[in-house]
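If you read the sequences in order, they're chains L and Z. Take the first sequence: its position 83, counting from 1, is numbered 65 in the working numbering, and each next residue is one higher. In the working numbering, each residue's number is its place in the second sequence (first place is 1) plus 2.
Simulated from the structure, these hints should not be mistaken for lab results. Being a predicted model, the structure only gives us computed values, none of them experimental. Hints may contain errors.
[What the hints assert, rightly or not] Only some residues are given here: those of chain Z computed to face chain L with a beta carbon under 8 Å: (1) S98; (2) S99; (3) L103; (4) L134; (5) F137; (6) P152; (7) E187; (8) S190; (9) F192.
[As the list claims (entries may be wrong)] The following residues of chain L were derived to be distant from chain Z, with all beta-carbon distances above 10 Å: (10) E(-11); (11) Y26; (12) D48; (13) G50; (14) E73; (15) Q96; (16) R99; (17) E109.
C-beta: ideal position from N, C-alpha, C; glycine also.
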Amino acid sequence: MAQKAVEVILLRQLASCLATPMMLFDQDGTLLFYNEPAESLIGYRFDETGEMSFSQWDALFYEVDDVGIRLPATRRPVLIALEHHLPAHAEFWLRTFNGRRRKVEATAVPLMGQGGRHLGAVVTFWETGKP
Amino acid sequence: MKIRLWGTRGSLATPGPETVRYGGNTSCVEVVGEDGTRLVLDAGTGIRRLGATLSEESSRVDVLLTHLHMDHIQGLGFFRPLDQPGQDVRVWGPPSSTQDLGTRLGRYLSPPLFPVRLKELPCRLTLHEAPLEPFEIGALRIEAALVCHPGPTLGYRISENGFTVAYIPDHEPVLGAGCIAKDREWISGFELAEGADLLIHDSQYSLAEYPARVGWGHSALSHALQFADKAGVRRFVTFHHDPDRDDDALDRMVNEARMALDLEMEIVAGTEGLQFESESVAFSATM
């Protein structure tokens, strides 16, 4: 695998120290890292899954609205940050294929590195309710 | 390729009898390719003596700055080629998303901190943000990458005819983790150093000193050696010596590291005047 940009390395280290659930994506949507608080949110351990391509993580957990319909791409914060390089915020249910369901708010921020490089996005979650 | 160390001290120039063996000048390393291409890595106070050795007929000099902390640029205004009319001097530095390199360097190279402005220099000076893709100067292939240190900071990897020197003078690869990461792609600077014949690397602290200086952007020698070992470096040169570490203390620190860690690579204490040549991969100290 390719060397990660130092900005991404530092962000992973920061995320590792925080009690806030965070996920770190590269510019292609690969889930590079998620911290322990995010592990408890989705029910998978990073040590078990490692990095996951977009299609891999999208099959493990996904965003749904109050009636259980998957959010369209235009409302998914991570995709807005990755595709349009814009910050985005949304409230939704995070549903996983192992049966978990969590009401969360999520903020996605695009990662712009020195020299204007688009490095990916970081998503921070706040759990707002439990089933 | 020839590599010569002109300044190995970190943070602050530290002249005096207690540092006379390893030297007190701040970061500056000269790299000369087989076709005569000359690179100057950083412009610490060591660059003044280097500049004094260059003839007025030097066709072109490229100064590659890792970053703009004072100990890496303080000598720039005293680099003789800058005062030579028509001399082609190209200065490369880290990219920034806010200010161009001239604006950032001009904060030091202008009154009241310095009497002469960059635009008043008689040489033909051009400033470049170093690309983060490989580029060439003469026959030298150069790779630059941002590394873990406060503010945009580059490390450089320079290759010619199968010989590679990596220069990462200010670097804290264990920040946030406390150790070198298991996966190589998550180690700051790894690709710069990987398989290098010579790695000139930050070794400012002892392992005992490091915990009180986490986040300052520098390495404990032990961490730096682990980094180099994982990267498969052949020869390691300690660099950016702490200003409070005198020659005897530096001897002890390097000897203890050699004994404590059973490493295949050679560990060399960075010394002003030390010269390396790629053909023999031998080195000799010529002060």
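Hint by hint, here is what the structure shows:
Hint status for S98 of chain Z relative to chain L: holds, with the closest Cβ pair at about 6 Å, below 8 Å. Hint status for S99 of chain Z relative to chain L: holds, with the closest Cβ pair at about 6 Å, below 8 Å. The interface hint given for L103 of chain Z is violated, since its Cβ lies 12 Å from the closest Cβ of chain L, which is over the 8 Å cut-off. A hinted interface residue such as L134 of chain Z counts as satisfied when its beta carbon comes closer than 8 Å to some beta carbon of chain L; here the least separation is about 6 Å, so the hint holds.
With 8 Å as the threshold, the beta carbon of F137 of chain Z stays out of range of chain L, its nearest partner Cβ sitting at about 13 Å, so the hint is violated. Interface hint status for P152 of chain Z: violated, as the beta-carbon distance to the closest one in chain L is roughly 11 Å, over 8 Å. For the restraint placing E187 of chain Z at the interface with chain L, the shortest Cβ-Cβ distance is roughly 5 Å, inside the 8 Å limit, so the hint holds. Checking S190 of chain Z against chain L: minimum C-beta separation of about 5 Å stays under 8 Å; hint holds.
At about 6 Å, the closest approach between the beta carbon of F192 of chain Z and any beta carbon in chain L falls short of 8 Å, and the interface hint on this residue holds. For E(-11) of chain L, the non-interface assignment is contradicted: its Cβ lies about 7 Å from the closest Cβ of chain Z, within the 10 Å cut-off. Its beta-carbon lying about 18 Å from the closest one in chain Z, Y26 of chain L satisfies the requirement of being farther than 10 Å from that chain. Its beta-carbon lying about 38 Å from the closest one in chain Z, D48 of chain L satisfies the requirement of being farther than 10 Å from that chain.
At the 10 Å boundary, the C-beta of G50 of chain L stays outside the reach of chain Z, the nearest C-beta of that chain being 37 Å off. For E73 of chain L, the shortest C-beta to C-beta distance to chain Z comes to about 31 Å, beyond the 10 Å cut-off, and the non-interface label holds. The claim that Q96 of chain L is not at the interface with chain Z is violated, since a C-beta of that chain comes within 10 Å of its own (minimum 5 Å). For R99 of chain L, the condition that its CB be more than 10 Å from all CB atoms of chain Z is violated, with the nearest at approximately 7 Å.
No beta-carbon of chain Z is positioned within 10 Å of the beta-carbon of E109 of chain L; the least distance is around 25 Å.
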